[in-house]
Amino acid sequence: MYPTRFRYEAPRELDEALALLREHGDEAKVLAGGQSLVPLMKLRFAAPELLVDINNLPGLDHHEVDADGNLHVGALCRHATLERSDLLREKQPTMAAAAPLIADPIVRNRGTLVGSLCHADPQGDWASVVLALDGSIVAAGPGGRRSIPARDFVLGPFQNALAPDEIAVEAVIPAPRGTPSGGYLKLERRVGDFATVGVAVAVETTDGRVTRAGIALTGVGGATIDCADAAEALLGRPLDGDTIEEAATLAARDARPKSDHRGSAQYKRHMVHTFVVRALEGTTR
Amino acid sequence: MTIVHEVRDEPAHDVPERRITVTVNGTRKVIECEPRLLLSHLLRQGLRLTGTHMGCDTTNCGACTVLVDGTPVKSCTMLAVQADGHEVTTVEGLATASELHPVQEGFREEHGLQCGFCTPGMMLASKALLDRNPDPSEEDVRWALSGNLCRCTGYQNIVKSVLWAAAKLRSEREDQ
Amino acid sequence: MTKALDEVKIGGIGASRKRVEDSRFIRGKGRYTDDIVLPGMLHMEILRSPMAHARIKSIDTSKAWEIPGVHLVLTGEMAATRNLAWMPTLSYDTQAVLATDKVRFQGQEVACVVADDPYIAKDACDAIDVEYEPLPVVVNPEQALDEDAPVIRDDKAGQDGNVIYHWEVGDKTGTDRAFERADRISKLRLHYPRSHPSPIECCASVADYDRATQKLTVYMTTQAPHIVRAAVAMIAELPEHMIRIVSPDIGGGFGNKVPVYPGYVCSILCSILLERPVKWIEDKSGNLISTGFARDMYLDSELALREDGKILGVRIHADADHGAFFADAQPSKFKIGLLHSAFACYDIPAAHLTARGVYTNKAPGGVAYRCSFRVTEAMFFQERMVHQAAKDLGIDPAEFRRRNFVRADQFPYRTPFGFLVDSGQPEKCLDVGLKAIGYEDFLKQKEEARKRGRLLGIGISTMTEPLGAGNSREYDILGIKMFDSAELRVHLTGKALLRVGTKSQGQGHETTWAQIVSHELGIPAEDVTVEEGDTDTAPFGMGTYASRSTPVGGAAISMVSRKIRAKARKLAAHLLEVSEEDIEWELGRFYVRGVPDRGVTIQECAMAAYSNMPDGMEPGLENHAYYDPPNLTWPFAVYIVTVEVDPESGVWDVLNLVAVDDCGVRINPMIVEGQIMGGLTEAYAMSNMQFITFDEEGNCVGSNYMDYLLPTAWETPGFELHSEVVTPSPHHPIGAKGIGECAAVGGPAAFVNAVMDALDGTGVRNIDMPLLPDRVWQALQTGQDVSGVPPVRTDD
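Keeping their order, the protein sequence lines are chains A, B and C. Numbering-wise (the working numbering), the first sequence opens with residue 2 and increments by one. Numbering-wise (the working numbering), the second sequence opens with residue 52 and increments by one. Numbering-wise (the working numbering), the third sequence opens with residue -15 and increments by one.
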């Protein structure tokens, strides 16, 4: 319930924040929404010596589409903003489907998508979504900015690819070239639960055929799972029953679930299959 | 403000401290505290506003919900120092000197509370909902309150309480 | 022309009076234990064992003592020098306050620290070094009973093995004969999983030992302040009159706040040692991992049946997992609580129950969570057995119940287990319920849906339960009989102060108890202040749990009001200058028989008690009553749930839920409905998502809100409540029966029966709770029962 002692800084400019990390990076953690970090600190599973609070940094709470159609989600853009976003509903259906399913409505007021990605919880929902959409994270550091593709961003449970002196400033989702559709289906026992199974499906179609696809899984392995084969199987084909079935089977094959008190491995694998089918058929539940 | 501003033990060396200014229920407060102090503890211990309750240690129950700049936040998962420069509204700030807020009235009218422990958090989350959506459906209310746990009521009367308050607020607005 | 007051208008019985308590709660001005701040107060944190079963080799507290702001680091060894390392429990066992020789469950209290603030206290706890030597772990009765099992309670002389008790009731011979005669025998093995009442507010105490007065005051979360005072007097060897227990506002009890926990005792000891107030606030993990859990009972049952559905006999064997200490608050004569109240609403000629309690390496408990002393287990087992028996015989489950209900002409009915069920209208309640849910239509819908591959199901649960423990012949806790008391003082202007030995944790006593006074005396409810919870002022009571307060405390209030009325009648006679035999009463006033206009109000009588007494009468208008109930009360309930199960995912949704509750006279219908809805939600939670389990090393899964699930407003279904059937209690002074726990007692079976009904024809007879999607799916896939709790890890 009570965090260990730490020092705290709340810089007002990005350069200030970066300077703090340059000096103290190894013992510091960046604080944005805090809805993952603070609970860990209260349980004393995390005990950083310095917290660098970035909530006062300007220009980071945006979510907008640039001239090329790429979506930029700033480090301080809250889940709740994304949940209410007409832009997302229009342009990014997979993200729009996932946003309401993150934690609970009050946590969503503070938590951020970028923060969630950086936290790299293997049970994190956004990671599957951003992976399925082939997104990337933009890191600001002493050498300027660099873009890290989502598939290279997580090194292990709670370990991301940022250097100790870097701060993630935004996530970028590439512009769809075809018509985007998809969804995020999450089996949770109650609101706020971790996913027993989470499936992110993002496809683009042109003239009735799939031109891009991404399928990623939450909660059925030690980390987010990228179902590359399943996605590949959709390419160039219409979303008919056979195509969907093939993708679902491949995705289920790629799942690496463990049996635990949330369910047997067999059940989880089955639910991956079920959710892929439902997401591709456009049914919810 | 009393004439004695503060009396305290001399702080031990090495204990980090920070000076912050937080507006709580409309009054600006100057506070010196450790960074690790949770906002909920600042409110309860520091400011003696005990209407904000603490019910869990994993950010699930929502009993500690307050409004920060009008938005519901679980105060147990925010550091007090993060409230620097912001406005915090607790349950004690809902009513005016003479009148209860319609949300408070609604909870009483529709038996939306039993032990009262989750109630402050429920009411603040409800108020924020009604600020945003003055005519919510039952589903909207249940969704908006899905971050606040209650063990006593079964939620049905809480929903009725919020809808009662919504109706009262709408009619007050029409009267104006 | 009557001048009797309108009872509902003055807030008497039947008035859905708005709650008095709300005024402070909606303003955030409730006064819960953690809100109490005393001058010089210090804060205590507990160090808990990470091991489930281990010898303590050493405890090094030196680093903890060095932390600035630490005042005291207390270990079991230190407590032992004051004879406080162990304490007696409410079940004639002993329990460790702070571990000395070994730890016996994960989360057990090992040491505590008192510091200037809880942050520092927690820092100091982390600085304590404990060396453990692991021992083999026992996590269920099967392991506990194994002949090679470690003896958990090797601290008890003569304890050989892990059995706590054997208990038996009923007629073995008669029952065996019934089974020999049976056309069919229906069997069921059930596990009621371990869960936890988990009120949102955790346990807490502020212990304040004042050296100057030698008085100990403890503000604490207790549903039974007088029991605690007696217990503290025993444990701390302090004289009872120098102990004051104050139970302020409580954020939910549900049985969690009845036992005397080590945290309370530690805070008391620390306060005595430091001579300063010491506050202990439990965190949710501590609450879930160490305080009184609920259920964890295994049942083997058989019903002997005649082909036409008549139950000829019942055989039950129950194994109760009590954790490391037998620490429940329950009537001492009934080792496994009132489990033998099972089948009380059915006319059954013969029954036999055997029960066994065992120790395991888990927190102590078993009797909690709105259980009415294990009646949750009894009624769950009963209604699951009834449902399956009906299915086994191919008889409609509603019809099956009708054929077995106790008939109207049979009341008062003596059950084969010895209870006297004095009233009820089971058939009428069932009729109301079936009509409300649209039973016949639903069965047709179910059939139609089946053809299209959709699984619909309907589940019924019917029961009567014994509420209001209890008469002094049979009921006591630690030898103290289970009465309740009330003290009523009417002031000279006719306002009144009522003090009762009960303690609300959300049930609204400040509102409803005044309504009883209104009913008896015609004093408007708003003129009656109700106080509870302070042992210095409240008359002795055995506490509020097991739905006993309206049956027992409420009766005491009625009786003391009648004593007041009897004296007021004499005053009225004096004021009206007639003899007492000529005085009639109507609500709020006495009048001369035949001359209704000649009367005096109760307020005028009150004034007279202070200013115009007849010769020889003691002044004042106050009295007290101690009530020993002649019998328990017997509410009847019918819960019907319809569900749809998604065969692809195993997820099930509630379509409709109807509750018919006959709890006799309802003091405040609004509050009664609130209690029912709360209970139904807990029933839903238990059937759908709630459980606590352990791996082979005794690590607890379910010790925080991420793993121990409470439904939110989003998952919780809506409820349709019915109150048209009212069968007053024949013995209760106002005809009221208990109600607070009925829905939690009867509800779970309705949900489970509904899902099992949806699985009709699949060969599955049972899925143990919680009916999580994967378990339902597994049953559908395999056609096999799913037993036990979800496993923590399996190798796939």
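Derived from the structure by calculation, the hints contain no laboratory data. Take the hints with a grain of salt, since some may be wrong.
Partial pick of chain A residues on the chain B-facing surface, computed with a CB cut under 7 Å [claimed, not checked]: (1) M2; (2) L21; (3) P40; (4) D105; (5) R111; (6) R147; (7) T250; (8) L251.
Listed next, the in silico DSS-like pairs over lysine-lysine satisfying Cα-Cα at most 30 Å (straight line) [said to hold, decoys possible]: (9) B:K219 <-> C:K(-7); (10) C:K(-13) <-> C:K554; (11) C:K294 <-> C:K199; (12) C:K294 <-> B:K211.
Treat the numbers as computed from the prediction; the structure is a model and nothing was measured. Built from N, CA and C at the ideal position, the CB exists for glycine as well.
Evaluated hints:
{"no.": "1", "hint": "M2", "in the structure": "holds (5 Å)"}
{"no.": "2", "hint": "L21", "in the structure": "violated (14 Å)"}
{"no.": "3", "hint": "P40", "in the structure": "holds (5 Å)"}
{"no.": "4", "hint": "D105", "in the structure": "holds (3 Å)"}
{"no.": "5", "hint": "R111", "in the structure": "holds (6 Å)"}
{"no.": "6", "hint": "R147", "in the structure": "violated (29 Å)"}
{"no.": "7", "hint": "T250", "in the structure": "violated (34 Å)"}
{"no.": "8", "hint": "L251", "in the structure": "violated (34 Å)"}
{"no.": "9", "hint": "B:K219 <-> C:K(-7)", "in the structure": "holds (25 Å)"}
{"no.": "10", "hint": "C:K(-13) <-> C:K554", "in the structure": "holds (20 Å)"}
{"no.": "11", "hint": "C:K294 <-> C:K199", "in the structure": "violated (62 Å)"}
{"no.": "12", "hint": "C:K294 <-> B:K211", "in the structure": "violated (44 Å)"}
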